[in-house]
Amino acid sequence: MPARILVIEDDDQLGTQIVGHLSDAGFEVEWLRDGDAARAVSVSEFALVVLDLMLPGTYGMDLLKRFRAHSDVPVLILSARDDTADKVRALKLGADDYMTKPFWPSELVARVQARLRRPDMRAAGGSLRVGALAIDVAQRAVEIDGASAPELTRVEFDILAALARRPGAAWTRRGLVEAVLDPERQGSERTLDVHVSRLRKKLGPAGGQLQTVWGIGYRLTPHGAEDS
Amino acid sequence: MTLRSRFAWTLLAATVPFSVLVAFGQATYRERITRRAYAAEIDARMELGGREQCERAPRRWPRRARRAQRGRHGRGQHARGQQGRGRRQRALPRGISIFDDRLQSTWPGPPLDPQLRSELEQGAEYATRVVQRGERRLRLFARRMPWNGPCAVVLVTRPEPKPALPWTLGSLLVLSLLTMGIAYLAAGPIVRRIRRLTNQVRRARLGQGVIDTRGNDEIAELARAFAEDREALEAQMTALEDRDRALKDYISNTTHDVMLPLTVLQGHLVALRDESGSSEKNVARALEESHYLASMLRNLNAAARLEAGVPETRFDAVNINKMVERVVGRHEPIARQAGIELHFSVPESPVSVRADLTLLEQAVSNLVHNAVRHSRPEGAREERPGGHIAVILERLGEGFRIEVVDDGPGVSAAELKKISERRWRGEAARSRHPSGMGLGLAIARDVADRHGFDLRFERPEAGGFRAILEAHRSASVEENGT
Chain Z
1 MPARILVIED DDQLGTQIVG HLSDAGFEVE WLRDGDAARA VSVSEFALVV LDLMLPGTYG
61 MDLLKRFRAH SDVPVLILSA RDDTADKVRA LKLGADDYMT KPFWPSELVA RVQARLRRPD
121 MRAAGGSLRV GALAIDVAQR AVEIDGASAP ELTRVEFDIL AALARRPGAA WTRRGLVEAV
181 LDPERQGSER TLDVHVSRLR KKLGPAGGQL QTVWGIGYRL TPHGAEDS
Chain P
1001 MTLRSRFAWT LLAATVPFSV LVAFGQATYR ERITRRAYAA EIDARMELGG REQCERAPRR
1061 WPRRARRAQR GRHGRGQHAR GQQGRGRRQR ALPRGISIFD DRLQSTWPGP PLDPQLRSEL
1121 EQGAEYATRV VQRGERRLRL FARRMPWNGP CAVVLVTRPE PKPALPWTLG SLLVLSLLTM
1181 GIAYLAAGPI VRRIRRLTNQ VRRARLGQGV IDTRGNDEIA ELARAFAEDR EALEAQMTAL
1241 EDRDRALKDY ISNTTHDVML PLTVLQGHLV ALRDESGSSE KNVARALEES HYLASMLRNL
1301 NAAARLEAGV PETRFDAVNI NKMVERVVGR HEPIARQAGI ELHFSVPESP VSVRADLTLL
1361 EQAVSNLVHN AVRHSRPEGA REERPGGHIA VILERLGEGF RIEVVDDGPG VSAAELKKIS
1421 ERRWRGEAAR SRHPSGMGLG LAIARDVADR HGFDLRFERP EAGGFRAILE AHRSASVEEN
1481 GT
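The listed protein sequences derive, respectively, from chains Z and P.
With the working numbering applied, the first sequence covers 1 to 228.
With the working numbering applied, the second sequence covers 1001 to 1482.
Keep in mind that the hints were calculated from the coordinates and are not lab data.
The beta-carbon is built from N, C-alpha and C at its ideal position, and this holds for glycine as well.
You may find that some hints are simply not true.
Stated by the list, open to error - Cβ-Cβ distance ranges computed for the label pairs, FRET-style:
| id | chain 1 | residue 1 | chain 2 | residue 2 | range |
| --- | --- | --- | --- | --- | --- |
| 1 | P | L1293 | Z | A85 | 23 to 31 Å |
| 2 | Z | A69 | P | D1229 | 51 to 59 Å |
| 3 | P | L1293 | Z | D72 | 54 to 62 Å |
| 4 | Z | S127 | P | N1253 | 47 to 55 Å |
| 5 | Z | R66 | P | E1231 | 44 to 52 Å |
Using the sequences and the hints, build the whole thing.
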């Protein structure tokens, strides 16, 4: 069932575009054009709210305060005034994130998806699932497409688990070294590269999910392909 | 040198030469009076019968003169007179002696002092000098009389009092020093008032207290001039600030008005690209231009706030992880379209730092935008795909480090030096892209300065370009960073 998103935007053209792109991305979108209508709506029914702060007035802020009074639905603010005070105030009132105009449609969609994806990852509990990989942190066991993977060394498992904690996010080599290697004995970035290439081999076809990121280090994506 | 000591030294410098001058003037005057008195005395004595007695019995005349002298001085001189008489037969140490017109001693006695003699030979009316004889100072005064004969020159020898010059000079110098001390003391109240005025003017600049303009002397006049100046300056400042604010608001509002249609335009352009397929080069170019336009507008806004100064900077706890994510998200669509892989990395736990959210985000955004623009040469979109950009956030002790690296053509050493310079904005702002990101980098530099962060640019050995923004100071602020 697609997530329901509430869009509060007074500009016709922009509203049409936002609704169009969010719908294309597979969301069920409801669009309200003015604050009065938004006041009456029950925000708890929505997975996320996109709220345009509109003009410098406190209209949007009032709405945000109202929503926050009885719901912790994620709120994404759209702001045109590049004013620190406005944004800080919105964030302090409980907005989860903001975007300043102009923004790209894909930027908005990506931000909405990221916001909605996060709670799901936590819900997975002791087991992390990334693409074909299922990683049981407590048991230190890895499954590939339901079948158990070849045995991993302690370091290899730690690398995989660290990467899986934040799917799609790149880790710097240094960060990984600090997180999983004993700095006194094997703590070099070259050692890490060796461990990663062994790990990749052991994961077989799912090894493609473990990607090298130029200039940074490694990441684990749900897809084996080039792009995330 | 303080006003007080300058005052005192000036007085000393003025009084010392004056004292010396006065002392010497006085000495000279005394000498002249003395000489006149000698000459007058001799003239008087010779005219009142002295000449006749002398010419009648030149050899005996001095004795009689001496006797006459003793009579004048009374009994107190008696003992000395007898002593003098005892020596009279050999020499005449003092008193009166006479010489003829060839300056030979008429009376058998010592010849005339050679110095006096030569002066008289040159035709002087009199000649005198002070000589030291043992313990005593004696004045020799030789007077040429207006006649010839055995009594043509009369020499008087008398004890000379000690010279008065050193004493006069000394007392005048003491007086000078005294004056200096008095001047130093007298300048006290004036100096105190000037100091008080200085403090008042300084405090007034900070907006504390007012300048005391009471009184009607020169210092009160100065205080009034300061107060008037301050008022005029404040009025001017207020007017300028008002104008500044109005301009900033105008820019802010204009930016706001433009941002909305620009967002819509970008949406339409994306739709157009998606419909026409990625082969449509013109649409891709239009997308880049609109992205550039948006960046320029944001920089305009940031520049207006930076120019407005500290009051426009607002420091709050900023979640740098989220900020980096936002910035990368903003440039990702354009980078992907240009075939550039743009990735970022942030630490697992959020890094939080006190900063101005908008300004810092704009600074980092400019670094990333700069990398996107320069990751490939202009017009080489097809020839050189596959550029890379990495944005890396790392915790740096209590602070953080953001690194933006690309593998584009990079810059020359000369260009690197140029963009690392501080005062570079002027010409950079005028040049349009692709090198026109100068304004963006200059704003990034301003923002870093405003925050006390360190911004530097490097040429990595492997090629490309690297920008590093570092905050060394404490990043540990309350947990729920915005």
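What hint numbers does the structure not satisfy? Of the numbered hints given earlier, the structure breaks just one, which is hint 3.
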